[in-house]
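Novice: Chains as they are written, first to last, in my numbering: chain Z, 1 to 263; chain Y, 264 to 526; chain C, 527 to 789; chain E, 790 to 1052; chain G, 1053 to 1315; chain L, 1316 to 1578.
Note that these hints are calculated values from the structure, not bench results.
Some hints here could point you the wrong way.
Quick list of simulated restraints, FRET-style, between CB atoms [claimed, not checked]:
#	chain 1	residue 1	chain 2	residue 2	range
1	Y	P395	E	R915	44 to 50 Å
2	L	R1516	E	R877	51 to 57 Å
3	E	T988	L	G1520	54 to 60 Å
If you want the footprint, here are the derived chain Y segments under chain Z, 3+ residues with CB under 8 Å [stated by the list, open to error]:
#	segment
4	272–281
5	375–383
6	427–439
7	488–502
As the structure is a prediction and not an experimental result, all values here were calculated from the model.
Using N, Cα and C, we set each Cβ at its ideal position, and we do this for glycine too.
There are 6 protein chains.
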Amino acid sequence: MLTLQAPFYRAVNDEVEVFHAAARRGAPVLLKGPTGCGKTRFVEAMAHELGRDLITVAGHEDMTSADLVGRFLLKGGETVWVDGPLTRAVREGAIFYLDEVVEARQDTTVVIHPLADHRRELPVDRLGITLPAAEGFQLVISYNPGYQSVLKSLKESTRQRFIAIELGFPPPDVEREVVAREAGVDPSTADILVRLANTIRNLDGSPLREVASTRMLILTAGLVAEGLNLRSAVQAAMVLVLSDDADVVRALGELVDAVLPRA
Amino acid sequence: MLTLQAPFYRAVNDEVEVFHAAARRGAPVLLKGPTGCGKTRFVEAMAHELGRDLITVAGHEDMTSADLVGRFLLKGGETVWVDGPLTRAVREGAIFYLDEVVEARQDTTVVIHPLADHRRELPVDRLGITLPAAEGFQLVISYNPGYQSVLKSLKESTRQRFIAIELGFPPPDVEREVVAREAGVDPSTADILVRLANTIRNLDGSPLREVASTRMLILTAGLVAEGLNLRSAVQAAMVLVLSDDADVVRALGELVDAVLPRA
Amino acid sequence: MLTLQAPFYRAVNDEVEVFHAAARRGAPVLLKGPTGCGKTRFVEAMAHELGRDLITVAGHEDMTSADLVGRFLLKGGETVWVDGPLTRAVREGAIFYLDEVVEARQDTTVVIHPLADHRRELPVDRLGITLPAAEGFQLVISYNPGYQSVLKSLKESTRQRFIAIELGFPPPDVEREVVAREAGVDPSTADILVRLANTIRNLDGSPLREVASTRMLILTAGLVAEGLNLRSAVQAAMVLVLSDDADVVRALGELVDAVLPRA
Amino acid sequence: MLTLQAPFYRAVNDEVEVFHAAARRGAPVLLKGPTGCGKTRFVEAMAHELGRDLITVAGHEDMTSADLVGRFLLKGGETVWVDGPLTRAVREGAIFYLDEVVEARQDTTVVIHPLADHRRELPVDRLGITLPAAEGFQLVISYNPGYQSVLKSLKESTRQRFIAIELGFPPPDVEREVVAREAGVDPSTADILVRLANTIRNLDGSPLREVASTRMLILTAGLVAEGLNLRSAVQAAMVLVLSDDADVVRALGELVDAVLPRA
Amino acid sequence: MLTLQAPFYRAVNDEVEVFHAAARRGAPVLLKGPTGCGKTRFVEAMAHELGRDLITVAGHEDMTSADLVGRFLLKGGETVWVDGPLTRAVREGAIFYLDEVVEARQDTTVVIHPLADHRRELPVDRLGITLPAAEGFQLVISYNPGYQSVLKSLKESTRQRFIAIELGFPPPDVEREVVAREAGVDPSTADILVRLANTIRNLDGSPLREVASTRMLILTAGLVAEGLNLRSAVQAAMVLVLSDDADVVRALGELVDAVLPRA
Amino acid sequence: MLTLQAPFYRAVNDEVEVFHAAARRGAPVLLKGPTGCGKTRFVEAMAHELGRDLITVAGHEDMTSADLVGRFLLKGGETVWVDGPLTRAVREGAIFYLDEVVEARQDTTVVIHPLADHRRELPVDRLGITLPAAEGFQLVISYNPGYQSVLKSLKESTRQRFIAIELGFPPPDVEREVVAREAGVDPSTADILVRLANTIRNLDGSPLREVASTRMLILTAGLVAEGLNLRSAVQAAMVLVLSDDADVVRALGELVDAVLPRA
């Protein structure tokens, strides 16, 4: 999809310059950062600036190479080949963004290899062809370094052809603005949630697998926008989602009570 | 099935408000709670209040994605596609409730992912189509946090889009009423069973994998309604079901003898 | 098969009353007890009393769901569906008895689940249909709690819908009668074997995986009925079957010599 | 094959009486004993005495149920069913002897189960039929208790229907006669080999996985019969076969030098 | 592809003489060396000197034998055999170079075996033929001894038929020239990067899985050639690619700051 | 292939007599010895002396039974059965030599079993036939006792039917002659290499998985015959092949420098 309206993105470091240089060189890009920190938004902004189509795929551990490359389908009694999203990006010279690839399967990373190294081509075994990547094609993959990651299954020699960009959660003022705008809540509610999130993110020795993300704040704020009181929304969309452990849930609840304004 | 008669449900906490807010937002809901505590009843009540169809599937560890999405079947020599329950819910805008998903297999959780995150769509690979969820579709899954759970195989980024609600066993007065009404026994028998259940639930350092649920009490009471004496019914439907260990069975039996009235 | 002649069964506890109540309620029954203690005989007696057909399947660890549900077979060049024993029981409203399910495979227990819980239905995937259990259908499964058991792979929520009955070896007088009648030996030989069996069953710190069952006594007595001397029969059908360990075999032999009358 | 000439077998214990009684009762027999001790010869002798056909299969760990039951084969463009040896024995009422089943695979033992227990039938899944065992059919399996064995994968309830017979190496005089006759060597050579074998069999704390069997002695004597000198024959057919370990080979060689006559 | 222009390669040791002797003898060659050190370039130079075609395949762990040997493909409704790159090399007498085989799968190494030992032939199972290698065919495989390698799955008897050549990173003057020429940067930038790389390569007790390769320097310099400042280029194409560990990234960053000229 | 010219072989022990006796008896032979010590040559010499055809197969761990027995192939649209090498040997009464079976797969050893024991037959499952071995057929397998070996997957009862022969590296004078003749170098070069090999073979506490074989010496000498200097040839064909470990390579290099004449 071609992003018609410029997505809101404010650069924190040199990530924009690095992405542009990599794009001019045709080098694949590796985005590192935690869940829900805005990696997708960054890629959307870059695609818009470069005037290229963006094809995004949300990775999951059961994704197969056919999900990316394409497959034969039965339509009206005939077998028809249908390009997968990666194949379309390769043909059209689009940016292909493989979002949050956690523990991707081997046969998925294999189709990425020849596109990431100097070959810049996609073998489509089922068709018996090898597609050269069209001008403008660019591979972007993101992952959370805190997880098992596809990077471990990329050949070192392939990984050494990636350009890496590291992103974190946005600074409080940006995050506040995003939460307020996307969930439709007033700035003060957004401010409370961002402060709560940062308190959780900065916990020493946290037992949480994942901290509260910008995305989670938007969802919490969304419940408030639907009329739920703030405390219930935080409990349902943050506390109980972050942990199943009774002790952790209680401790998080106390922390929430300390940050939230008294009703 | 559209629940015509309002199911009996009395709210204990803010669970009703949270569910309604999530439903308005179209966010998926995660119900946490022990086996047989009334999760299904809660969902039935919510569906009735919202005036939506409810499609319930009892999860099991051998469930495949085809059980949810559908499959081609041979009917009279022809191959016919038959929608699975999830696909029907997606098409019709119903509430889809996946009950007690213990250790669900990977390919099952995969079909849930794109419905749970911002895509709200169901890829039907066999048909080569991707169905957008109809207005009103809502995903609800339940699990027992004490078990290995599907949650462990949900991507963190997907889990962060769920709204979580935690339920427990109903308070004694509600449980008494349910047992008496559903099994057809008098209130005093129901009262004895509820007291027995709560004694078992509150055992310190219990060796049981699972405590006595509301559902188990209904079954026990059902044997009494069939004419079996109370002690035999408790032994057969509670004690011997809760454990295979001879020592545990003996200890439970003594506990039962202490709670039950002398014949 | 409909048992025409009433099988000999003398109740020890309340097992008959419990079974009848469960049958009236349509609840599935779980028989616990050691190998060869008479579980099958009990079910046969119950089926006879209730006037229902009994379909028995001896479980084994390589049993597949197709063995229970049915399969397509090639007959004279055509593909014909043949109901498995479980499907027949579901259609005909018979008692289905799955005997000694040790380490049953996952896909076997899966077909049992929906019949054991409130659904009382059997999905026949290959036919694309779901059969409701006919009036009178009842599921009975037996297992030996000393083993790995199917129970471990039943969902807790399903297990909580079973009524459990525990059986042991019959009291000496009953066992004596059964051995004498079934093997065709005189009462004194049966008495010696029952005493020997009880001595083995009561060994402190026994190294045996399984004790001598009623069934084993019948087989031993059968060899005597064929003219073999008692000591050789006991050695061949009991001692050498119970253990492969030379030391255990020797110790058992000495125990036998102490119990058997001097020739 | 019907053994026309009575095989030479001299009873050591009550093994003949036990086998006959089991045969009259139709009970399956379990032969225990080390590799090459004469188990096959015993079964051949029993079959001859009983006047029944004997069908022998040498078990191996890659044997499949199809090897026993039969399979469809392409013959001249047509698919033809060919009975396996077990199916033939079941149809013809022969003795079926499964020799030295080491680590038999699951699907092999499964086809044995219903023939070994009270059902006495063979399900032939590929044909969709269940064959009742013809009068006279008897199942005999042998194994070496020193190994992993099929017995471990037989259900205890099935094992308890077997009659067990334990065999060892024959006494020296019998073994001498067998070696001399089968290899065609003079009695003094046979005597030396039997003495050597017994020395090896009685080693304290032997590092050998398997001792020298009667069969090995026959092969060694056979090399002598072909003109090889005794020392070379013993080295080639016994010492180097019994072990790959250089130290063990040397120690065995010294033991051989001590037992063999000086050239 | 026949390399028309002589690739730039300056010999460091006797690697050229060894390769020529092996080529005359028809012996397979094993190139050892780290990722991105110039192994491919060396093979290209040798192929050019010998006037032979070079067919290069970049190995990856999901490569199958069909990727090397060929497969049947559906083209316009017909099944057509398409030679794989190895088969082409065997038929045409080319040099076949299997680059960076990390953890190659078993069925891949199997097709190499008969070409590496005295047979010099390629069995093409799918066609039922065995192709003798044409005059001039030579097998070259490379690997990084620091990794799990295909060599571990080559039979020792096969490995003993290889001629081994060990390569390292080029000396600084050569590496500088290569970086400057291939990335299009000035010599001083190339010099800084080469010095930085050698500092990283010589770290004591380095926590890096892989050091900075010549190839990585070319990519870094490429970003500079696209206008990115040197520090950002080094961070994106070297530091963040070499490690995901925050501490290691920080330490590498400090090292970079020490080597790079102050802006 | 029938070896027309008598291969050069000088007996070291009684291996020739043992092989002849085994051949007369039709007993299978097991050759033990290190990689490249001349096992193949010995078998070739025996086949020539006995006037029998020799069919040799170089075993590898991915060999399947179809590689030995045969398979159906598509030729010109028709399915044609093609005998494998073992089947040919069985039909023609040839010596079948399975060379260096390292870690052979189960289904490979299974086809050997019935040929190695008293049955002397080859079941060809795909054809539904069992071939009796023709007069003169003899099975010979070789292995390196230092490795995991097929012997571990042969049944003990089968192994006890093999005649074992142990071979080592040839004595220096023989090895010198072989190296000089096969590689085409002068005796003094061969002498140096043989001395070097024996130094390596006799290293105390050697870290090498495999020592330098006669075959390796021939290859090294071959590089010299192609004009490479002796030191480079030894480094490339011996040192770097024997180890990937830098320390071991350095130590071997010093050892080589001590043995080789100063240039």
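Novice: Hint by hint, note whether the structure agrees.
Specialist: Cross-check of the supplied hints:
For the pair P395 (chain Y) and R915 (chain E), the beta carbons lie near 46 Å from each other, so the given range of 44 to 50 Å is met. Against the hinted window of 51 to 57 Å, the Cβ-Cβ separation of R1516 (chain L) and R877 (chain E) comes to about 56 Å, which satisfies the hint. The hint said 54 to 60 Å for the Cβ distance between T988 (chain E) and G1520 (chain L), and at roughly 35 Å that hint is violated. Only residues whose C-beta sits within less than 8 Å of a C-beta in chain Z count toward coverage, and the segment 272–281 of chain Y has 3 of them, enough to reach three; the restraint holds.
Look at the segment 375–383 of chain Y against chain Z: 4 of its residues bring a Cβ nearer than 8 Å to a Cβ of that chain, three or more, so the hint holds. Coverage of the segment 427–439 of chain Y by chain Z holds in this model, with 3 residues showing a Cβ closer than 8 Å to a Cβ of that chain against a need of three. Three residues within the 8 Å Cβ limit are the bar, and the segment 488–502 of chain Y against chain Z gives 0, so the coverage statement is violated.
Checked against the numbered hints given earlier, the structure breaks hints 3, 7 and satisfies all the rest.
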